[in-house]
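Asker: Those protein sequences? They're chains A and B, same order as listed. Each residue of the first sequence is one higher than the one before, starting from 1 at the first, in our numbering. Each residue of the second sequence is one higher than the one before, starting from 1 at the first, in our numbering.
Since the hints were derived computationally from the structure, they do not count as laboratory data. What you are looking at is a predicted structure, and each value in this text was computed from that prediction instead of being measured. Hints may contain errors.
Stretch-level coverage of chain B by chain A, calculated; a stretch enters the list once three of its residues show a Cβ under 8 Å from a Cβ in chain A [claimed, not checked]: (1) 103-109; (2) 213-220; (3) 258-272; (4) 353-359.
27 Å max Cα-Cα, derived BS3-like pairs, lysine-lysine [to be verified]: (5) B:Lys-321 - A:Lys-141; (6) A:Lys-180 - A:Lys-113; (7) B:Lys-19 - A:Lys-113.
Glycine included, every Cβ here is placed at the ideal spot set by N, Cα and C.
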Amino acid sequence: MTAEAGAIHARSTQPASWLVRLAVLVIVGIWTIPTLGLLLNSFRTSVESSTTGWWTGLLNPLTSEWTMDNYNRVLTSGGLFDALINSLIVTIPSTIIPITLAAFAAYAFAWLKFRGRSLLFGALVALLVVPIQLSLVPLLKIYQSTDLTGSFLGIWLAHTGFGLPLAVFLLYGFIAALPKDIFESAFIDGATPFTAFIRLVLPLSIPVLASFAIFQFLWVWNDFLVALVFLGGSSDVAVITIELASIVGSRGEAYHLLTAAAFVSMFVPLIVFLSLQRYFIRGLLAGSVKG
Amino acid sequence: MVQLTEAGVAPTPRPGGAKVLRAVFLVALVTAALWFGLRLLRDPTLFAGSSPTLSKLSQAAVAIVLGVGGVWALFYASNVAVEALPGRATRLLRPYVFVLPAVAVVGVYLIYPIVGTVLESFTNVPEGAGPLTNYVEAFTDSEVLLALRNNLIWLVVAPAVSVAVGLVFAGLVDRVRWEAVAKSFVFMPLAVSFVGAAVVWKFVYAWKPPGQPQIGILNAIWLRAGGFLVELGLLDEVAPVAWLQEIPWNTLALIAIMVWLQVGFAMVVLSAAIKGVPIELIEAARIDGASELQAFFRVTVPTIRGAILTVYTTIAIAVLKVFDIIFVTTGGNFDTSVVAVRMYQDMFRFRDFGQATTMAVILLVAVIPIMVVNIRNLRRQGIRA
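Excised from the complex, chain A in its bound form:
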């Protein structure tokens, strides 16, 4: 969707004026200060946090009291640690299952001949843009009658269903563009479509698999609505966004705990973001059409 062609040229003949630099600094400030305040406040004592603003801590770093106590409390006494693990239990299969299903399907759509191919592919991709809300009521009825509500299997499948159109769309574009010679020689060497898939398609598709994996991982980790409807808030399954929202409800004014809990929930996606920014941006650009 974007061209990078002119990127090597300097865009401007003049060096940036101080006004431009100031404007950039102001915007960066507005975008950073809220998160910075949250982070700082999570290390302040309950007394200081409730009587002074976090910036007083920043301005008097030596005379202020700093503590890890808030993290200790939210992780040991509340349900936040369990929620963190539940988020992993939900997120990892909810990323791997749709990738697997989509990779097999994209391979068949691109390289195997069968009846109904273009119809099925068209239907899958057209669903890319439908808001999730359209699925909620009928699915909730199915879940309640089959006892899938509140089960990990239930939410894995839900995230799989909602993520599949995008996954098939992205993976198809990549897999269909693989050179056909490699398949021909593999089949002459006696490979079956299954082994060709495992030994050729998967290793060659790693860039697109990584982009989708990161996009889906962050989407599922940060999801609130799907978890709220299909998984619920009981402590043995509640994911971290649900737990954080319930802390907002129950301890909404205890900002020393609330900020620590929020940072715990943001830690994993921020690590993923910082370490895999390149893939993340690619996945984000490609996934911006998701419904």
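Given the coordinates of chain A, work out where chain B should sit on it, guided by the hints.
Answerer: Coordinates of chain B only, in the frame set by chain A:
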């Protein structure tokens, strides 16, 4: 694209009975193991071991192995099964083994429910009432109308502000040397959940009664600036504002959270587009005497209008479905509700599935025209979508 068949492949010997038996056995084994394992996972006593941390971690290990291993075992087993069939049947059925799991899941999770939702919005009505009853009820309910009005405010303000800030920032940051770092900071909120962002901003908007020290930075700034205005005689008095409760400012305060989240996306796409504008175009404008600012708004911006429209429509669709931010901060109170929040309340508080499905259809109808604009725009840029 060339289709590959197995024609030309040396026929592999297919000893009938034993192979079929083995395949059937494998499929049965995988299915049974998965069924058994997933049932165990739901048994709360199973992991109640010595320490709660250890038991939670072992549950996680079992769950992840089951979920990830299960899907691969299923594919492997069904492939073995289909390869045990006589050659012709294998060739005919194998593509479906690869495609059907995806198609089945999408059928159950998207196609069936979408049809069901649309039907239910017309049929889940009291005995003898007309099919449009739910819609008449929705459009005469003052709270639904309020939610629709709020969605409209969101739709007008959030995408426009996000695109404007993203565009200006992308244009400015192009000229400074620390471009990459500055972009990372603006981009970072995209990795954060809507719930996390809601907490971040709830803290920014925190309110304490007058006289107490303010711990929310916005009220601290407001009191400082307001105090200055009072001294100048421009304002009579200044009091801390409960930003999330004060109508109509609270809706704008919530929209600001969305803008904070979306500007990074707009910036990344538009920045890449700006870098794609041919340098000769801008230099030609400068030779004609255009200032930097004129060159940006008269040459760069019109050249990347396709990218701008893509970003605008993408954010508009996200904005129409907004739910988490409002649900977590105000719960839809203080006149801040939107259609998606109303739908959730219909589902779980009022247990009115007729109204809930009607809300969903309203969302769909609102999304479709934006989607059409988006697809047309992508086509015009030469991208198939």
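Asker: With the threshold set at 27 Å, check whether the alpha-carbon distance from B:Lys-321 to A:Lys-141 stays at or below it.
Answerer: holds (22 Å)
Asker: Within the assertion that chain A covers the region 213-220 of chain B, do at least three residues meet a Cβ-to-Cβ distance smaller than 8 Å?
Answerer: holds (count 6)
Asker: Given that the region 258-272 of chain B was listed as covered by chain A, double-check it with a C-beta distance under 8 Å for 3 or more residues.
Answerer: holds (count 7)
Asker: With a Cβ-Cβ cutoff of 8 Å, does the region 103-109 of chain B contain at least three residues near chain A?
Answerer: Per the Cβ count (5), the hint holds.
Asker: Would you check the hint for B:Lys-19 and A:Lys-113, treating anything up to 27 Å between C-alpha atoms as holding?
Answerer: Distance of about 26 Å is within 27 Å: holds.
Asker: Would you check chain A against the region 353-359 of chain B, counting CB to CB pairs closer than 8 Å, and say if three or more residues qualify?
Answerer: holds (count 4)
Asker: Check the hint pairing A:Lys-180 with A:Lys-113 against an upper bound of 27 Å on the C-alpha distance.
Answerer: Holds: A:Lys-180 and A:Lys-113 sit about 14 Å apart, inside 27 Å.
This entry satisfies every hint, going by the numbered hints stated previously.
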